[in-house]
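2 protein chains.
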Amino acid sequence: MTQPTIAFIAEEVGVSVTTVSKVLNGHADVAAATRERVEDSLRRHQYQRRTARRAAGHIDLVFHELDSVWAMEILRGVSAVAGPDGTPVMVSHLDGQHRPDRARIDRLLTRRPLGIIMVLCAVADAQHRQLARRGIPLVIVDNDSATSARVPTVGANNWNGGLLATRHLIELGHRRIAVVTGPRDVLCSQARLAGYRFAHESSDLLVDPALVRYGDFTAEAGLTHGLRLLDRADRPTAVFAGSDMQAMGVLRAAERLGLSVPRDLSVIGYDDLPMAAWTGPALTTVNQPLREMAGAATRMLLDLARGIPVPADRIDFVTGLVVRETTGPPA
Amino acid sequence: MTQPTIAFIAEEVGVSVTTVSKVLNGHADVAAATRERVEDSLRRHQYQRRTARRAAGHIDLVFHELDSVWAMEILRGVSAVAGPDGTPVMVSHLDGQHRPDRARIDRLLTRRPLGIIMVLCAVADAQHRQLARRGIPLVIVDNDSATSARVPTVGANNWNGGLLATRHLIELGHRRIAVVTGPRDVLCSQARLAGYRFAHESSDLLVDPALVRYGDFTAEAGLTHGLRLLDRADRPTAVFAGSDMQAMGVLRAAERLGLSVPRDLSVIGYDDLPMAAWTGPALTTVNQPLREMAGAATRMLLDLARGIPVPADRIDFVTGLVVRETTGPPA
Numbered sequence: 001m002t003q004p005t006i007a008f009i010a011e012e013v014g015v016s017v018t019t020v021s022k023v024l025n026g027h028a029d030v031a032a033a034t035r036e037r038v039e040d041s042l043r044r045h046q047y048q049r050r051t052a053r054r055a056a057g058h059i060d061l062v063f064h065e066l067d068s069v070w071a072m073e074i075l076r077g078v079s080a081v082a083g084p085d086g087t088p089v090m091v092s093h094l095d096g097q098h099r100p101d102r103a104r105i106d107r108l109l110t111r112r113p114l115g116i117i118m119v120l121c122a123v124a125d126a127q128h129r130q131l132a133r134r135g136i137p138l139v140i141v142d143n144d145s146a147t148s149a150r151v152p153t154v155g156a157n158n159w160n161g162g163l164l165a166t167r168h169l170i171e172l173g174h175r176r177i178a179v180v181t182g183p184r185d186v187l188c189s190q191a192r193l194a195g196y197r198f199a200h201e202s203s204d205l206l207v208d209p210a211l212v213r214y215g216d217f218t219a220e221a222g223l224t225h226g227l228r229l230l231d232r233a234d235r236p237t238a239v240f241a242g243s244d245m246q247a248m249g250v251l252r253a254a255e256r257l258g259l260s261v262p263r264d265l266s267v268i269g270y271d272d273l274p275m276a277a278w279t280g281p282a283l284t285t286v287n288q289p290l291r292e293m294a295g296a297a298t299r300m301l302l303d304l305a306r307g308i309p310v311p312a313d314r315i316d317f318v319t320g321l322v323v324r325e326t327t328g329p330p331a
Numbered sequence: 001m002t003q004p005t006i007a008f009i010a011e012e013v014g015v016s017v018t019t020v021s022k023v024l025n026g027h028a029d030v031a032a033a034t035r036e037r038v039e040d041s042l043r044r045h046q047y048q049r050r051t052a053r054r055a056a057g058h059i060d061l062v063f064h065e066l067d068s069v070w071a072m073e074i075l076r077g078v079s080a081v082a083g084p085d086g087t088p089v090m091v092s093h094l095d096g097q098h099r100p101d102r103a104r105i106d107r108l109l110t111r112r113p114l115g116i117i118m119v120l121c122a123v124a125d126a127q128h129r130q131l132a133r134r135g136i137p138l139v140i141v142d143n144d145s146a147t148s149a150r151v152p153t154v155g156a157n158n159w160n161g162g163l164l165a166t167r168h169l170i171e172l173g174h175r176r177i178a179v180v181t182g183p184r185d186v187l188c189s190q191a192r193l194a195g196y197r198f199a200h201e202s203s204d205l206l207v208d209p210a211l212v213r214y215g216d217f218t219a220e221a222g223l224t225h226g227l228r229l230l231d232r233a234d235r236p237t238a239v240f241a242g243s244d245m246q247a248m249g250v251l252r253a254a255e256r257l258g259l260s261v262p263r264d265l266s267v268i269g270y271d272d273l274p275m276a277a278w279t280g281p282a283l284t285t286v287n288q289p290l291r292e293m294a295g296a297a298t299r300m301l302l303d304l305a306r307g308i309p310v311p312a313d314r315i316d317f318v319t320g321l322v323v324r325e326t327t328g329p330p331a
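Order-wise, the sequence lines are chains H and L.
Going by the UniProt record's numbering, the first sequence opens with residue 1, and the numbers climb by one from there.
Going by the UniProt record's numbering, the second sequence opens with residue 1, and the numbers climb by one from there.
Keep in mind the hints are simulated off the structure, nothing from the lab.
Quick caveat, the model's predicted, so the values are computed rather than measured.
Hints may contain errors.
To give an idea of the chain H side of the interface with chain L (calculated C-beta under 10 angstroms), a few residues [claimed, not checked]:
1. Val212
2. Asp216
3. Gly258
4. Ala277
5. Trp278
6. Pro311
7. Ile315
8. Asp316
9. Val318
The beta carbon of each residue, even a glycine, is placed where N, CA and C say it ideally should be.
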């Protein structure tokens, strides 16, 4: 297997070496049709940029959104591995989108990163091939959609987290347990909800569909859903709030309605953010080792960039229950 | 005034053009003595890299530490201006140091940034000249030491914030008011403390030295100092907590000692982080417009990098009081 040179590709397509190089580096000033033909030829010849050229450079860390302390925990984890390695970290976000568009991928390529870490977002298959051809490895942290086998991913076991949280409430004696999970179209929300359902099933309890809500992981969503759930005659005695921020919103809703936590209502969060230990009362939650996850993703990426094979395509960190003061037996 | 060429500098010092270029770009492989001589010559001839060459590139955003949601607010503010401008942002931190060492500045230079934003840290005068010679502008956000006139700085009026917070408590009727400010050697801590003192003076109240504490802006510090301050017979009826995280710690201390907020104790934070509205009870605090401050610093930097003069060397954002639920009249 010999690797085709850029000159070979240029000759085959009938363009200059500069044009091929521009396409490889994601410059915008190549006509769409020409670019298509160059990409075609690169694909056909399985062009792979030599990894040696990629051993230097920065890590491009792409968030779907820069919100809350969640993103900061990821950044700290990446930084803790990249810093001592001497690899700079470039941070950007997709304005809340979970899929980058072509222009954004092109901009990423222009920066010639050593590798890319995407957080709560992922690329389309064609974009992934575009990166692979340039020898730019990609690692995803906590992706929101079914994992393609070829993209290394670091996540946490969300189904297990939902199960742990709900089982804790059932064991305390709760029978009417509400859930406010994340957005409907985000995989981790669905996995946590599935864990909640399985905990009910395995204890022969029915789930009341009126108690299942979809939020967006913000405190505001916790407050809104909390007020609706708790302001009814057959109100739940416990809420699995799907995220620590949503849990803070539910706690505020309880306070507004004069409910005391955990006497009148148990609340459990998800994430175990640094502030979870400091809310009043301190939040019972599910620990996602965000920093460790981000650190593992970074080590994986640095290995891939240096041509070292990684042991697994997907690493799932184990979630654990952290019992503090917001959960107790029902009144 | 003609600008000396690199070749001119090289000839004067008696080294190659490559060596001068290496010194300019911060490469480590130049002998210390040689480097010194090159730097000398650059300084003598007031060598300034042409700004045109610096119009492209990334922003290097340097934190003293990546802690808490405070840093995330700054990153969001920088990103909100740099993103639409198409300028990438590289993020690093100084492991809690407020002064970068030479090796770190050299690494920064190797990356050839368009400009540098330093948050809660600053460079020595010699390092600033090193940057200026390379035409790399520097802007500081909320610097921790007296501002040198030549370094553009964006801050918030900390003295005013300390005054507002303390005056609010005095107006509510409090007479024994404790303060837990930040570290002793950080200017903003001292400015907030000075505002606290001035509020007392202007109301003809004496400050009890036993009620003045220095923390480190963490919730842990708030808890430790809170327990000590509140577990005494002549305990204060109000605490100005210096930061929202410290306020969360003080709230936990009050809870542990069975004190109800705001009935038995008023607590006021500083920063107005997103979560401040969601603590139970919701935190009264001083608003620092962190995102706007970071945005202004970024605009300043981009202007400087493009040779556009900036209107002021120091911009101070006005701090404002946000009254929520943790403050009230003393019992």
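message = Tell me the numbers of any earlier hints that the structure contravenes, in ascending order.
response = 1, 2, 3, 6, 7, 8, 9
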